[in-house]
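Once you have looked at the hints, place chain B with the ligands on chain A.
Sequence lines, in order, name chains A and B.
By our numbering, the letter at position 114 of the first sequence is numbered 114, and the numbering carries on one by one without gaps.
In short: position in the second sequence from 1, add 1000, done, that's our numbering.
These are computed hints drawn from the structure, not numbers from a lab.
Keep in mind it's a predicted model, so treat the numbers as computed, not measured.
Glycine residues also receive a C-beta, built at the ideal position from the N, C-alpha and C atoms.
Be careful, since some hints might not be right.
No farther apart than 25 Å at their CA atoms in a straight line, the calculated lysine-lysine pairs in the PhoX-like style are these [unchecked claim]: (1) A:80 with B:1176; (2) A:108 with B:1176; (3) A:81 with B:1195; (4) A:80 with B:1195; (5) A:108 with B:1195; (6) A:80 with B:1198.
Quick list of the computed label-pair ranges, beta carbon to beta carbon [unchecked claim]: (7) B:1236 with A:279: 56 to 62 Å; (8) A:133 with B:1204: 28 to 34 Å; (9) A:65 with B:1234: 45 to 51 Å.
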Amino acid sequence: MTESTPLLEVRNLTHIYGEGTPFRHVALEDCSLKIGRGELIGLIGHTGSGKSTLTQHFNGLLKPTSGEVLLKGENIFRSKKATLEARSCVGLVMQYPEYQLFEETVRKDIAFGPSNQGLKGKELDERVAMAADAVRLPSSLLDVSPFELSGGEKRRAAIAGVIAMEPELLILDEPTAGLDPGGRREILDLIADYRNREGKSILFVSHSMDTVAEVCSRILVMNKSKLVMDGLPEEVFIHAEELRDMGLALPEITEIFSYLASRGVAFEKPVYTRDYAVRKLLALFRKEERSL
Amino acid sequence: MNTSITIGQYIPLSSPIHRLDARIKLGLTLLYIVTVFFAQNVLTYAMVFCYLALAVILSRIRVSMILKSLKPLTLVLIFTILINVFYARGEVIWQWWIFKIAWEGIFIALKMSIRIILLVAGSSLLTYTTSPIMLTDAIEALLSPLKLFRVPVGELAMMMSIALRFIPTLTEETAKIMNAQKARGADFETGGLIKRAKALIPILVPLFVSAFRRADELAMAMESRAYTGGDGRTRLKPLKARPSDVLALIGSILYFAACAVLGILGF
Ligand SMILES: Nc1ncnc2c1ncn2[C@@H]1O[C@H](COP(=O)(O)OP(=O)(O)OP(=O)(O)O)[C@@H](O)[C@H]1O
Ligand SMILES: [Mg+2]
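Looking at chain A on its own, in the form it has when it is part of the complex (with noise of 0.2 Å):
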């Protein structure tokens, strides 16, 4: 494997639902794209894009209608082996993850995943406290019953259940849907202090840009089955129009930056981030003060 392989790559992957039927309907039409060791990618869409199809074919759920899936420069589908072992190395939380919890206790149930892989005893424990750790679950509720824990919580233990598998591509979809704004800043920061600290890839699904634009360094849009736009936030971001007519809003930071340019306020790129969007609203009033 050379240094330029990419983690994963997609080729000219096309997902037709219920083919040969009346119910046919294209989920993906010929997408192609390619992950990065280390990247923290967002992949937004509106309802029905074909998000989850996208997503579920990375790790082998769904078998592609045509094209393939390369994991390390190998086909995921070549085996049954390799599709397990797909399975191991890119970790899916699905939409709603809660739903999945079954065990007796929490601890049980985060072991689930490592415990399929193989795992046992001490080593096991370990990756159960990692795991909890990493969604800032704590030890105390390792051992009620998963389905006392609060929306919130319930959440925040499906995705250790992931996470406790150490997968080196971790897709998160939705993550943040149903919660209120404390329960999806609390995954938002979670996910980007994960990331930070092993240096995994991550791809994370929203049909919100304020979540994508806040913690994603490239973003990947989806319209109609199709994989229309891939580039940095800011390359994104100045496709406005196009955009709005797929149904996506632009963060609200950056639409009030951009009517900010629109009464003569210049900027030089498109604003996204809190923190970039403070720091130029400081040197603002820093001018406007020293010109008076």
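Chain B with the ligands only, in chain A's frame:
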């Protein structure tokens, strides 16, 4: 919503058979089944077959779909034929070791298989042309005399429609849960019986939890919309028999009666 899962096999088309009042359609299907049992000879079988053929043509359901509904029967048919052919009665025409074949056996085998095919084809025409909801309404209507004996027909029908309504939902949910557990390395495909049975736990527990949660939510939603039981509820789409429906009913009854009489008289 995943639309590829359809419950029953309703094929929404626009045809006289689709429009036929569901109660009448259900009643006629029952009569048809009885008539099939009365059929004894070539003539009566031909008559029943013509009736079915006419209904299929009117319904605009493709013949291939009707044949498809017969596919699961293959094994049953093979057994029926084998048992009847070798259970020889009358004049033996071929014999080997303990196996004997007689003409009568062959006739009975043929008769039985045709009967089964007619029965299944007829009832699948009913499910192809009637939506599950209409079907429950029809069943409720036909069972309503039982109300006299304090059978809660309305509630039973409500239970049936809820069950029908939730089959696709739960199927979809099962698929999702299975995928989620597969993503965590669960393996449902290899291993012995015990291992496979154990592998079901991660699916069944979340499925039950979600079924109960849904039941709870649905009960709450129904109560908050003032559901207090089946009695006195009116319908969104009341079943209404049109003159043409009644005509079809009377015509079919006479036809079936003729078949039965011919069958009994043994022409
Ligand atoms: N199992 C399935 N069978 C048939 N069609 C499906 C199935 N799963 C998804 N679809 C259809 O494929 C399309 C894409 O679905 P997908 O779940 O990938 O969208 P999404 O971008 O994840 O949407 P959301 O934001 O709502 O999660 C939708 O139109 C959906 O109805
Ligand atoms: Mg989705």
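The hints, checked one at a time:
Using a Cα cut-off of 25 Å, the hinted pair residue 80 of chain A and residue 1176 of chain B holds, with the two alpha carbons roughly 21 Å apart. Simply put, residue 108 of chain A and residue 1176 of chain B have alpha-carbon atoms about 21 Å apart, close enough for the 25 Å limit, and the pair holds. Restraint check: the Cα-Cα separation between residue 81 of chain A and residue 1195 of chain B comes to about 19 Å, which is no more than 25 Å; the hinted pair holds. Simply put, residue 80 of chain A and residue 1195 of chain B have alpha-carbon atoms about 19 Å apart, close enough for the 25 Å limit, and the pair holds.
Between residue 108 of chain A and residue 1195 of chain B the alpha-carbon distance is near 18 Å, which keeps this suggested pair within the 25 Å criterion. Between residue 80 of chain A and residue 1198 of chain B, the direct Cα distance comes to roughly 21 Å. Compliance with the 25 Å bound is thereby established for this hinted pair. Distance hint for residue 1236 of chain B and residue 279 of chain A: a CB-CB separation of about 60 Å, consistent with the stated range 56 to 62 Å. Checked against the hint of 28 to 34 Å, the C-beta distance between residue 133 of chain A and residue 1204 of chain B comes to roughly 30 Å, which is consistent with it.
Checked against the hint of 45 to 51 Å, the pair residue 65 of chain A and residue 1234 of chain B passes, with Cβ atoms roughly 47 Å apart.
Of the hints listed earlier, there is not a single one the structure fails to meet.
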